[in-house]
Every structure is written in structure tokens, then in C-alpha cells.
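Combine the two chains into a complex, taking the hints into account.
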Amino acid sequence: DAGVIQSPRHEVTEMGQEVTLRCKPISGHNSLFWYRQTMMRGLELLIYFNNNVPIDDSGMPEDRFSAKMPNASFSTLKIQPSEPRDSAVYFCASRRTSGSYEQYFGPGTRLTVT
Amino acid sequence: TQLLEQSPQFLSIQEGENLTVYCNSSSVFSSLQWYRQEPGEGPVLLVTVVTGGEVKKLKRLTFQFGDARKDSSLHITAAQPGDTGLYLCAHNTGNQFYFGTGTSLTVIP
Chain H
412 DAGVIQSPRH
422 EVTEMGQEVT
432 LRCKPISGHN
442 SLFWYRQTMM
452 RGLELLIYFN
462 NNVPIDDSGM
472 PEDRFSAKMP
482 NASFSTLKIQ
492 PSEPRDSAVY
502 FCASRRTSGS
512 YEQYFGPGTR
522 LTVT
Chain G
2 TQLLEQSPQF
12 LSIQEGENLT
22 VYCNSSSVFS
32 SLQWYRQEPG
42 EGPVLLVTVV
52 TGGEVKKLKR
62 LTFQFGDARK
72 DSSLHITAAQ
82 PGDTGLYLCA
92 HNTGNQFYFG
102 TGTSLTVIP
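Chains as they are written, first to last, in our numbering: chain H, 412 to 525; chain G, 2 to 110.
Next up, chain G with everything else stripped away, as it sits in the complex (with noise of 0.2 Å):
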């Protein structure tokens, strides 16, 4: 299993506040992941990063896969309650998907 650590762990913010998580491993990755779950539902796939350095951007989103492809980050401008959820990174080799412990996010209105 390699390993795949999220931080912070909880992180409860305002509204319109901006935050960065971060999606670290020692391992080295073809592709990184990024789910989020809201409370009572499975998770859902925002986007996928696939380059070293690649940015991708979905609304307030922005993604970021590091140059050495070993970890990522997802940065949230102004943050609404409805991004209020819990925050997976994970990777896959074939059909083997590992997921990140996750961070969970709360935004306060």
C-alpha cells in the first residue's frame, strides 16, 4: 500500500475564507485523484491530475500536482457552505484504488 497523507485533518473555516489542503506520499504516482463526500452520501470525483506541475481549475477549485508527481493540492477561494465535506486524495494502479485519510472540511455561514 502506498500511503497517501492529508492535512490537516479537520479544518472548519468562514465563509469566503480561502484554505489549502495538501495530499502528501513518498511514493511517486501516474495520477492522483481528488474526491469529495458530503455527510451520508459515497464520494464523488472532482478531477483528476495526471502531469507534474499540471493546474486544474473546477470554479473556486484549483488542483495542483506536484513536479514529482508525489503529492497535490486543492486550494478553495472563498469558501461556501455547500464545500463543506470531507476531502479524499487517492491513487490507483489498475483497478486498485487507495485512498488518502482525508481532510474534513466545515464551513461556517
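The shape of chain H in the complex, shown without the other chains (with noise of 0.2 Å):
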């Protein structure tokens, strides 16, 4: 069974351009999560769905920053316009909201702003 698959793994941008952000979580998860890792900061939940349904986007930075999750199978985090203060690594994660607390990570987008 494939893991969480994210895309791109790696993303160079200029500062103002947009950037979004893909995720597939494993089929059969009903939860999906959005981190943004980083250094300064470590890894922080940018936001969550249940159900394709946002539930909490407390931690989202600013209205620069969206997710979207059409389906079950897909999920987006979009960027408009990005800053080089955005330079971070972006996970995506997915699990099931009943039983075990495990939740499965995605290898990351490695995103630098210029």
C-alpha cells in the first residue's frame, strides 16, 4: 500500500509567485493534516480536515496561506503571494479518526522563496 505522496519534493520560487502544494493521503484515512517544519519553529499543524472538511485552520500564518480538500484523495496548500520567511519543509499527513492515534507522514515539500 502506498505511503502518503506528496508533490513536488522540492520547490525553488521567487518571492510574489504562487506555490501550491500536493497531497494524496492513504486510502481509507479520514483525517488529513497539513505541518510546515522549520528550525526556528519545528513542526507545526498548519491546519486539519476530517472528512474533506477543514475543521481547524487556527494554525494557518496568514491569509496568504489555503488548503483545499475536494475528495478524499487529494488535498492542496496554497501559497499566494509566497515570502522568503515561508522557506520551510511542508508535510502532509494522514490517519484514520478512530482507533489508533498514528498518523502517517508524507516525505515533504522542501520549498525555498528567493
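The hints are simulated quantities; they were obtained by calculation from the structure and are not laboratory data.
Just so it is clear, CB atoms sit at the ideal spot from N, CA and C, and this is done for glycine as well.
Just so you know, not all the hints are guaranteed correct.
[Unchecked claim] Derived list of chain H stretches under chain G, where covered just means 3 residues or more per stretch with a C-beta under 8 Å from a C-beta of chain G:
(1) 429-441
(2) 460-470
[Stated by the list, open to error] Each pair of labels, with its calculated beta carbon distance range:
(3) E455/H - A79/G: 30 to 38 Å
(4) T487/H - N19/G: 38 to 46 Å
(5) V423/H - F11/G: 26 to 34 Å
(6) R61/G - E494/H: 40 to 48 Å
[Stated by the list, open to error] Okay, the calculated bits of chain G under chain H, using three or more residues with CB under 8 Å as the criterion:
(7) 30-43
(8) 93-102
Have a look at this one:
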């Protein structure tokens, strides 16, 4: 069974450009999470979805960030416009809401904004 | 946010040595999780501890949850280069997961 799939793995863009990160959760998992990891702030939860519905986006830093989950197998995190301080590794994770607490993380997208 | 502080922040040891890393908080938790993150990958869950004083073993790794459920430790016996990575503790309230600051471990062959 494939794990959480993220694309692209690396993204380099210029300040002001739009960036879209993509995630395919594990089939059958009904919760999806977006995290950001930096040296300074560690791993932070940005937003999570239950059954494709955004439940808590309090971790989203600014209005420049938005996330969607149009169906159970796909989610996007968009930054528009991007800024250098958005440079980080962005992880997507999924889990079944009931039963084990285990989250399964994707390999991450390393974003560099110049 | 209930802060989880991990120590040490960085640790570099020789293969075969033993080590302990810590996860501390002033809050009481119903459970704590430990993850290992290898370079270029996402974190992977190692164990969940749920009972105060609980000890869990995973091969050479021993995890302990404090009696008061405010802290936890991870002890590695005879460390190997494959143990190199970032060790994170975390707690959750429902689907809200909060991660500690992490301990970056390097095991030198």
C-alpha cells in the first residue's frame, strides 16, 4: 500500500509567486493534516481536515495561505503570494480518526522562496 | 498550546554508547508519542505511552512515561548509525497534535 504522497518534493520560487503543494493521503484515512517544519519553530500544525471538511485552520499563519480538500484522495496547500519567510519543509499526514492515534507522514515538500 | 521541551537539542555520540533524551512539560497528558524523523523524510511513530510510569521497549529503545504523566524519556542502548535522526515527542487533543522541539541525534561509526 502506498504511503502519503506529496508533490513536488522540492520547489524553488521567487518572492511573490504562487505556490501549490499537493498531497494524496492513504486510502481509507479520513483525517488529513498539513504541517510546516523549520529550524526555528519546529513542526507546526497548520490545518487539518476530517472527511474533507476543514476543522481547524488556526495554525495557518496568514491569509496568504489556503488549503482545500476537494475529495478524499487529494488536498492542496496554496501560498499566494509567497515570501522568503515561507521557506520550510511542508508535510502532509493522514490517519483514521477512530482507533490508533498514529499519523502517517508524507516525505515532505522542501520550499525555498528567494 | 501545551509546550513540550526536549533535551538535549543536539547529541553526537560514538557507535556503541548509550544515551537518554528527555521530553518535559508542566502539563499533564493522557498520552505521549515518540517519533523518529530521518533526513529527507517525514516523522515515523515509534511508540505511544499512556499510563503514568509505563515502560515500553522497542528493541534497543526504552521509553518511559513519568509517574505524573508530565514527562517522558527515551533511552537507547548501544547506539548504531541507523539510529541517527531527529527524535520528536508529541501529544494530541483529538486531532490537534503538538510536537516538541526535538533532539537531533548523530551516531558516529
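**Message:** Hints numbered earlier in the text: which of these fail when held up against the supplied structure?
**Reply:** 1
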